[in-house]
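Please work from the sequences and hints to get the whole structure.
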Amino acid sequence: MSVGDYYAYSNEDILEIRQKHKVYFLAVSSHLCEKCCQGEIVLDQLYKAFQNKEVAYKGDSIPMVRVNYHNFTGI
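Using numbering that gives the first Met the number 0, you'd call the opening residue of the sequence shown number 0 and step up by one each time.
Please keep in mind that the hints were generated in silico from the structure rather than gathered at the bench.
Just so we're clear, the structure is a prediction, and the values are computed from it rather than from any experiment.
Treat the hints with care, as some may be off.
The following label-pair restraints were derived from C-beta to C-beta distances [stated by the list, open to error]:
#: 1; residue 1: L31; residue 2: N51; range: 29 to 37 Å
#: 2; residue 1: E53; residue 2: I74; range: 27 to 35 Å
#: 3; residue 1: L25; residue 2: K57; range: 16 to 24 Å
#: 4; residue 1: L31; residue 2: K52; range: 29 to 37 Å
C-beta atoms are modelled at their ideal positions from N, C-alpha and C, and glycine is treated no differently.
Shown next, in the form of structure tokens:
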């Protein structure tokens, strides 16, 4: 998981992020998944578009939240 503003490891992490941000992009992947690793290229491009506000919400950048499926302790 190469890019992201936040890394969520539990339900509590997600709730904290939800309190800070009205809109966010949640990317779920796994370090054990080959297809997920290939998808990092697309996520990197999307992350840059969010950071540069090419894709924005009411003029603000959209944070990317990353979840590693195999390390997440929640539902």
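Now the hints, each set against the structure:
1. L31 to N51: 29 to 37 Å: holds (31 Å)
2. E53 to I74: 27 to 35 Å: holds (33 Å)
3. L25 to K57: 16 to 24 Å: 19 Å Cβ-Cβ, so the 16 to 24 Å window holds.
4. L31 to K52: 29 to 37 Å: Check passed, 33 Å falls within 29 to 37 Å.
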